[in-house]
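Those protein sequences? They're chains A and B, same order as listed.
Heads up, the first sequence is in the UniProt record's numbering, so the first residue is 1 and it goes up one at a time.
Heads up, the second sequence is in the UniProt record's numbering, so the first residue is 1 and it goes up one at a time.
Just so you know, these hints were derived from the structure itself, not from any lab.
Worth double-checking, as some hints may not be accurate.
Claimed, not checked - Straight-line alpha carbon distances no greater than 20 Å define the calculated SDA-like cross-link-like pairs of lysine to any residue that follow:
(1) A:Lys762 / A:Phe732
(2) B:Lys373 / A:Gly340
(3) B:Lys373 / A:Gln353
(4) B:Lys373 / A:Leu343
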Amino acid sequence: AAGMFLRLLSDIQWRAAHPRWRRMAGSPRSSSTTAEPRPLALPAQAQVVICGGGIMGTSVAYHLSKMGLKDIVLLEQGRLAAGTTRFCAGIVSTARPVSIELKMAHYSNKLYQQLEQETGVQTGYTKTGSISLAQTQDRLISLKRIASSLNVMGIPCEIISPKKVLQLHPLINIHDLVGALYVPEDALVSSANVSLALATAASRNGVQIHERTSVSHVTIQKGRVTGVETDRGRVQCEYFVNCAGQWAYELGHSGEEPVHIPLHACEHFYLLTHPLQEPLSSSLPTIVDPDGRIYIRNWQGGILSGGFEKNPKPLFTEGRNQLEIQNLQEDWDHFGPLLGALLRRMPAVEALQIMQLVNCPESFTPDMRCIMGESPTARGYFVLAGMNSAGISYGGGAGKYLAEWIVNGYPSENVWPLDLKRFGTLQSSRTFLRHRVMEVMPLMYDLKVPRWDFQTGRQLRTSPLYDRLDAQGARWMEKHGFERVKYFVPPGNDLLDLDHSKTFYKPDWFDIVGSEVKCCKEAVCVIDMSSFTKFEISSTGDQALESLQYLFSNDLDVPVGHVVHTGMLNEKGGYENDCSIARLSKRSFFMISPTDQQVHCWAWLKNRLPDDSNLVLEDVTWKYTALNLIGPRAVDVLSELSYAPMTAEHFPSLFCKEMSVGYANGIRVMSITHTGEPGFVLYIPIEYALHVYNEVMNMGQKYGIRNAGYYALRSLRIEKFFAFWGQDLDAFTTPMECGREFQVKLDKGMEFLGQEALLEQKQNGVYKRFTMFILEDHDTDMDLWPWWGEPIFRNGRYVGKTTSSAYSYTLERHVCLGFVHHFDEKTGEELVVTTDFINQGEYEIDIAGQRFQAKAKLYPFSSLFTQRRRKDEVELSGYQRE
Amino acid sequence: FYLTPPQVNSILKANEYSFKVPEFDGKNVSSILGFDSNQLPANAPIEDRRSAATCLQTRGMLLGVFDGHAGCACAQAVSERLFYYIAVSLLPHETLLEIENAVESGRALLPILQWHKHPNDYFSKEASKLYFNSLRTYWQELIDLNSGETTDVREALINAFKRLDNDISLEAQVGDPNSFLNYLVLRVAFSGATACVAHVDGVDLHIANTGDSRAMLGVQEEDGSWSAVSLSYDHNAQNENEVERVKMEHPKSEEKSLVKQDRLLGLLMPFRAFGDVKFKWSIELQKRVVESGPDQLNDNEYTKFIPPNYHTPPYLTAEPEVIHHKLRPQDKFLVLATDGLWETMHRQDVARIVGEYLTGVHHQQPIAVGGYKVTLGQMHGLLTERRARISSVFEDQNAATHLIRHAVGNNEFGTVDHERLSKMLSLPEELARMYRDDITIIVVQFNSHVIGAYQNEE
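Next up, chain A with everything else stripped away, as it sits in the complex (with noise of 0.2 Å):
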């Protein structure tokens, strides 16, 4: 029965060739009550089910097919590549501001370059190459940013003036632009076909494809996939994956322990044409005009055109259960304004005559990035989904990664940015994401520039302060939901609209950030730091310990009231987790970590603690306000509000204890200040916060006490070469990389996770290392300022790039923290990086193709220290070295 399908598969004609089949397929119920033989009984179980036949179903069933694995089950409700997929414009375009896009899109491109070859099945693949346009200045900025990181991983491109525009391209109108992005080896493709041959090669090596089957919910025991119902009956299997497209949300919500997949889809319009007179010739490359919202491209000798408008049409909101996209309504009036640009970019299209206007809705997700990735509540339940319109661009690269994480338990590239746990419940309501994909669908075009903020679904989850804070001039960011304060407005200081002030250079807020340093420097500042994830572990005897012992790297076998930094890693010694630990007494530990753990952390202990009832888990972020109290008055104002002395011989750092502030008892306070600025953490129970704040703010205004917000706390952790989790730190990275083995107790006692990992790169030796870069001849004021991913060239060579970046207003010097490679001069193989080769070289870094010299430290400016606490441990990377 395979061979039989892979010939339908193989030939493009085959539903016109094949009625008989179709037939059967169409009616699977009335075919099994007839004597005819069902072509294709589902097994009934396998290793492997996939949920869906378009570009993302096909591709992981190809790539895990290829890995070797055997027992693969594709299941489409309709036919193969009959949703988005079939209606998917066809451009596979590698100019992606977001790394890991970009090699998704790099690696798509190699992979359906050479399918045709591999499968037989034409794919219509043509390298035409593609040209994003600039109508202003910031928008050429944001390409030379791209044009950098391609430049960088290999990828062809230019930047080029409006005149070789019309070279390239004769038929567009340059009088408005200010230059372009050439990416000349970016293709065009049919995307229903890349489907096909996909299909044609996964089922080449094996995978069983079955169209018109429904799943109906998939089983989950005890935290794990079983199987999925279909409607033509039960099939077993150890992991599932949703390839659903815009019905994942749906099916993850279909069975009784629901998945969440936050996407939603809204429609999207491209417009098809008649051929040119003289037929446009099928290698013209693809226009992208993101500040005119459209993209062009030739098809069948005329046009292909669509875009991103203003104002997106979200639907299915509630859901539909269509079998297949049906063709949706064309909106002209919708489309007008688009329209109205394409002609501006190519007047001469004007006679063309309009042959279709395509209504196919995508799905899009709450921060623009596609969804992958294992579901933090349902071991062997991946996702594969919400592509944001650009499917067939990541579908190569998103497959492989996705195959790679079943198969080997971790896909080979950090995709925490694309990571199903990255979400959790609260960005699953419905009104939510069809508020939040009408502001995400523009911004696939609008200009992406540092420090945005999403202004949809906001004011979720929120401190008892905000209303507090706010009234003061509060002005805010969300991170998972939670409100956090950027900084504070001064009375009578009007910042820029929100439009306005989107820049690349020196933003508006310079000057009120430096007033927050400063008084964290000479004062004290509080800030309000809630929204950080925080679990209690506990346990009737030493299982907390000892668990605690195995899952982090550091000995949290300290004395009680101590907090310790540790690493969680996994087997290669990477970091899942960066986090700070207390061990409140000795079968309790209050763990601190970055906002955005909440459910990967949560998932991953929860994965990797024993199943014992005395051993508790639990997420007490919810039961706390945290405020950060920073500066060197910190101290003078605790101990006044608590009467306990509060100086270093009674309260070193790194220490933890319950005390009273104010009337309040309980108040967990710890002397650590994620910033390497002396000062204390207060954790207060949520109905003292508003008592405890107004305590702190009256007795502390004799010592000039402030409001902050994190970009002052950014600013001071960058200059001390403090590295964070999700910005700095990832799953492969170490902390032998990142100046830390000092966080790392290898004779700890007993094994842990990523021991044998690190043991082996102390030894031999790392392959990156985290180093700090002073910008030297940058101009804060007129030059572009540096954000995160820029490239950076160690004697003019290209050694790896930046991870977050930020101005020090002591220094008077922007720093960047960044990884550095060495790479074989020869071979471009990967050597070991050694601390003189880092001081060994001169450096510079490529800001939107501009370079700037800059010195490399690996360790912080002792100069910046002006307090030193516990000799042993002291809160900082590496710096015990001095």
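Since the structure of chain A is provided, determine the placement of chain B on it from the hints.
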């Protein structure tokens, strides 16, 4: 240079006026819901006038547009005076007596008209006494003539028109000791004005028209579409009956010289008008009045100039043609407008634009290409038009303004083109008249419920 949309709007809206018939007891029992009016000058100063008033001693409402020529004096006088002449013509004998007695004994007069005026619509204070005296003479004659019959609206309208024109002529012949007034009455008589007046009383709509302004009824068909019904005849060379009438009134020897280049005696566009004594008086009378008149009049080449082939005056009359129409529920609105509008827009388009505006049909049928051959450019034009239609509808709160916007700004596709609108409105004074005429529009909206109820009673 271009005007911005807000600048365009401030020009278009400078003269707009709206009146809503007040409700009693939460109900509007009038067959009129209200009216919108507006005017856009091309001449400086504008030579068009408009009037609207409610008759207080009889039922009904009067609305009229007046298009002046050779100056605005005549149109101004007619706009102030004509409705009083009509109202008086309609008054029953008892009321006339009552008024006369009040004037006689110095008591307060019963108010005859309630005016609905834009602040820019002025009345001449200086002439009011003179005008009043003429009007009083008219009603005194009506009292003397008391026929005892109920007043016929058609007759009243015709009498009022003729009487006012006669008074204008007489006042100029008699003159006034006050030199300002003396010059004024002469200017009124030597300039001219057409008039198109509607009298609405319940379901009875009378249009009295003199000249080439026009009245048009907007009718909504059963399928919701809009059609136009003319309620006046233009008195100009394009109207065969009118040419015939003029020819009948003069000897055959003048046949060839009566209408030349589509103008009366080769000079005047409208074939009926107030004032214009140069087409009414004998040559002797004209010469005498001009010679004895003030110097300004004497210096004016136009007034001294006698039309060629001037043998058997009068050549011109102010007598209106009156059309009576019984309002039906499908009659939704009435447009009275001077020829400035009708030169640029077909009445069918006027009916559609106003109809769609008044019924708020902003939601449009979606466009489908289907199997038709449509180019991207055509589609773009179509979509732009639809957007413009929606946005201009939302911009205007006044149907007359909306109509002017279309009249001035319409491009070849029949949609408002901001660029064109901006160009037309920013023309310098001396050029404006070459591209467009003064436009004055009154849009009266009818109350279909009340009209329906009238119909059921009958």
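Each hint tested on the structure:
1. With a C-alpha separation of about 16 Å, the suggested pairing of Lys762 (chain A) with Phe732 (chain A) holds against the 20 Å cut-off.
2. Between Lys373 (chain B) and Gly340 (chain A) the CA atoms are separated by roughly 19 Å; this keeps the pair inside 20 Å, and the hint holds.
3. For the suggested pair Lys373 (chain B) and Gln353 (chain A), the alpha carbons sit about 6 Å apart, so the restraint of at most 20 Å is met.
4. For the hint linking Lys373 (chain B) to Leu343 (chain A), the alpha-carbon distance of about 18 Å falls within 20 Å, and the restraint holds.
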